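K.L.:
Protein chains in written order, with my numbering: chain P, 219 to 684; chain H, 76 to 391.
Calculated directly from the structure, the hints in this document are not laboratory data. The model shown is predicted, which means the values in this text are computed figures rather than measured ones. Hints should not be assumed to be uniformly reliable.
Quick look at which bits of chain H chain P covers, simulated, 3 or more residues with Cβ under 8 Å [what the hints assert, rightly or not]: (1) 123 to 130; (2) 138 to 144; (3) 208 to 220; (4) 235 to 245; (5) 296 to 303; (6) 328 to 339; (7) 345 to 355.
Label-pair restraints from in silico Cβ distances [to be verified]: (8) H:LEU381 - P:HIS566: 41 to 49 Å; (9) H:PRO261 - P:ARG594: 22 to 30 Å; (10) H:LEU137 - P:ALA300: 25 to 33 Å; (11) H:ALA146 - P:GLU577: 46 to 54 Å; (12) H:PRO261 - P:ASN633: 39 to 47 Å; (13) H:ALA102 - P:GLU286: 39 to 47 Å; (14) P:PRO601 - H:VAL377: 44 to 52 Å; (15) P:ARG578 - H:TRP351: 18 to 26 Å; (16) H:GLY91 - P:GLU223: 32 to 40 Å; (17) P:GLU223 - H:TRP369: 25 to 33 Å; (18) P:TRP289 - H:ARG117: 43 to 51 Å.
Every residue, glycine too, gets a C-beta built ideally from N, C-alpha and C.
One letter stands for each residue in the lines below.
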Amino acid sequence: MGLTETLARLAVRATRILVVEAPGQWQTRVELEQQMLRLGWRPAWTPGDADVLAVCGAPGPELAQLVERLWEQMPGPRVRAAVTSPTAVTPALNDAAALLLDTPAHRTDAQERAQKPQIPAVMDHGGHGEMGHHGIDHSGMNHGGHDGMDHTSHGGMDQGQPGDEDHRTMKHEDHHGTDHSSMNHGGHDGMDHGSHRGMDHGDTDQGQPGDEDHHGMNHSGMNHGGHGEMDHSSHGGMDMAPEGIPLAQGGEDRDGLGVDVLHLPLGPVLPFWPAGLVLHCSLQGDVVVAADAAVVDGGSHADGIHSRHSGLVPAAAVRCDNLVALLTLIGTQDLAARARSARDALLHGDPGGARGAVERLHRVVRRSIFVRWSLRGVLPLAPADLERHGLPDRCLGDAYDRVLSLVERVRAEVNGANPGAPVGAERVPWGMVPHLVTGLEIGTVRLAVASLDLDPFPAVHEVGHA
Amino acid sequence: MPENMPETLLTTVPAGWAVLAGMILCALAFFAAALDSALSARAEGAGRGGWLAPAWSTARLLRQRRRTVVAADTLLLRVGAAGMLGGSFLMVAVIPFGRWTLADLDVGVVWFNTVDVMVWALVWLAGWGANSVHGLVGGYRFLAHGLAYELPLMFALVAPAIAAGSLRVSDVAGAQDRLWFAVWMPVAFVIFLVGVTGFSVWGPFAAALGADVAGGVLAELSGVDRLVLQAGRYAFLAAGAAFSVPLFLGGGAGPFLPEWAWVVVKTVAVLAVLVWLRRKLPVFRPDRFLEIGWVVLLPAAVAQDLVVSLVVVWKG
């Protein structure tokens, strides 16, 4: 027992925490990061690397479901920490440290939990928000080749269920999150529609009549693409889904080559990503060929939390935090550390120190040739693009221009300048993100999104400007 | 104590000494991890977790359970992860440690190159095996980086071999009794270090493990799988730094200290620079670095080879 005990005590010093930020819990998350740093603990980027699952704030139903799935994916020894407010951080971390040392409990946990990783039987929309571990689930679906498809031909299908008019009305953009096992919409040419009557829809979930966007369904192996070129008989075995994951189906990429399409949700639990934003991406290789944006829990949950917990947060601190994300994504560790210390100085209400930190940050970011090299040419936006997408003027130029203007604004705000235009006019509408990032490589997508200084839940800003 | 006849002085030790070589490599790898962690803690103002943090992280990963994801190719995943650690041991086998060596191959330089090319497969397997989009993207990112750094690295390895007229590592070290190769072929030396950073998936070449793909190849790894892959990266960095000593830094040559001590001192110095640079450089985006690799590094390495060849011919 002595060795186990010693190992546990050493291990706890290097604890890694997967931080889930419920919308509106910016302050709690930042406080958590500061306390983690004090202990020498580090953030985990994925559940696979996490010892502690820390949920900042009270998650809404969709996020709560995700948290459960993340919990299932943690290797163990694993501990949950509910961090309800900034003041709850220290006790929550102390509890987590104590619980991590409880080896017998972890042993029991390991025996009682599922011994094999599983895909939940019902995949709902929310299920996609996790970090892409099942990003290949829907690979069987090809959203690329919809152009020539005749949706009305589905009308002949008899699914024997009320509310199935949705096959005609459904928007295919909404198919992320659905999983239609063994349906083949592809081979219409040689296909006998009558045979659909015999299809087993047993494992699809149509419990909600009129569920128009089919969240909660299971269409594995579905191919909306290759009309007329599919050989239906080869699918006869229906063994297209080893362990429940359909094989990836091809689709034409930018160059007209057939490339597998993978589906990857970015967010809402993803480090250095705007809290609450979910971007459902269809990837070919590492290029995002289609995307669909949403906010977790429909954004409905956030306002209430704000009014209760948010204190006064300087807008400059929020901007510095966005800079931390961007600088971490391009991998300049020291610059990111500077931005973080500037953020923390701003939050600690130390005007002199904050000003110094921001000045230094401003200087090093402007001078860094590496920041320039990494960000030049990323998502260039001309004035016409801004107008078309309804973006504020600060988004003009490429990511490098935006990062400079961001640092510039932080500096102006710290030096007491007027924040400028009202917050509402400055906001980047998150619904525009899919239009901006489609066609980019995934690393570029991350840089592009970070450079937009997005905030899907801008209440923190408004408090800051008040 | 410059040595003129290295062949006669070099002793090939029995295979059992490989254990000691492995321990030295592990110590160097730990040094690299500790230095990196200390530099991180200082830059971020962490309250705890400096030099000893890698030991705690090791304890943590030893205590952590292995996990897999649905339909993961566990075998390939583990071959990739463990291969990183194993590969670094293969690499140090041909490095003379003072007057001792484990294997005095007459194609030692090619052996080094073979092992570093193996990393292509290992990183990709680890990324592929996890059956996760992030891992897969990470694995392919490494291949894209490999396309950019590997050919320049090969040509950089050629330069010392031409100058020494041998592919035997001890001959190359012995050929520098007057002037280190790092001094008169600096381009090859720098490109060699770029290559070492590359096959260690380190710093600027860590796009395969990038924050933008949630850790990429590492995203799904836990417990001992993660430990061996991470340890393998540090060990490869240490092995690459150690290989630069006979190749470019005169081997064990130096005043006062015994030869093996000079090998250690020089290795630690190169390793420290590589670790320190990580914090200063961004992660090179594979698409952007490809241009640098082919337009700048490759011609520079070939030009260096040409210069070295001309010098060798001229000196007769």
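K.L.:
Hint by hint, say whether it matches the structure.
P.N.:
Here is what the structure says about each hint:
Closer than 8 Å: that is the beta-carbon criterion, and the stretch 123 to 130 of chain H has 4 residues meeting it against chain P, so the requirement of 3 holds. By the rule of at least three residues with a Cβ nearer than 8 Å to a Cβ of chain P, the coverage given for the stretch 138 to 144 of chain H holds, with 7 such residues. With 6 residues bearing a CB less than 8 Å from a CB of chain P, the stretch 208 to 220 of chain H meets the requirement of three and the coverage assertion stands. With 0 residues having a Cβ less than 8 Å from any Cβ of chain P, the stretch 235 to 245 of chain H misses the three-residue criterion, and the hint is violated.
Residues of the stretch 296 to 303 of chain H with a Cβ under 8 Å from some Cβ of chain P number 4, which satisfies the need for three, so the listed coverage holds. With a cut-off of 8 Å between beta carbons, the stretch 328 to 339 of chain H has 0 residues touching chain P; three or more are needed, and the interface restraint is violated. Remark: the stretch 345 to 355 of chain H is confirmed as covered by chain P, as 3 of its residues place a Cβ nearer than 8 Å to a Cβ of that chain, reaching the required three. Between H:LEU381 and P:HIS566 the beta carbons are some 59 Å apart, a value that contradicts the proposed interval 41 to 49 Å.
As the Cβ distance of H:PRO261 to P:ARG594 is approximately 29 Å, the hint placing it in 22 to 30 Å holds. One distance hint, 25 to 33 Å for the beta-carbon pair H:LEU137 and P:ALA300, holds here, with the actual separation near 28 Å. For H:ALA146 paired with P:GLU577, a C-beta distance near 52 Å keeps the hint of 46 to 54 Å intact. Take H:PRO261 and P:ASN633: their Cβ atoms lie about 45 Å apart, and the range 39 to 47 Å holds.
Between H:ALA102 and P:GLU286 the Cβ separation comes to about 43 Å, which falls inside the hinted range of 39 to 47 Å. A hinted range of 44 to 52 Å for the beta carbons of P:PRO601 and H:VAL377 is consistent with their spacing of about 45 Å. Between P:ARG578 and H:TRP351 the beta carbon distance is about 20 Å. The supplied range of 18 to 26 Å therefore holds. Restraint check, H:GLY91 to P:GLU223: a C-beta distance of roughly 35 Å satisfies the suggested window 32 to 40 Å.
Between P:GLU223 and H:TRP369 the beta carbon distance is about 55 Å. The supplied range of 25 to 33 Å is therefore violated. For the pair P:TRP289 and H:ARG117, the supplied restraint of 43 to 51 Å is violated, since their beta-carbon distance comes to about 34 Å.
In this structure, the earlier hints numbered 4, 6, 8, 17 and 18 are contradicted, and the remaining ones agree with it.
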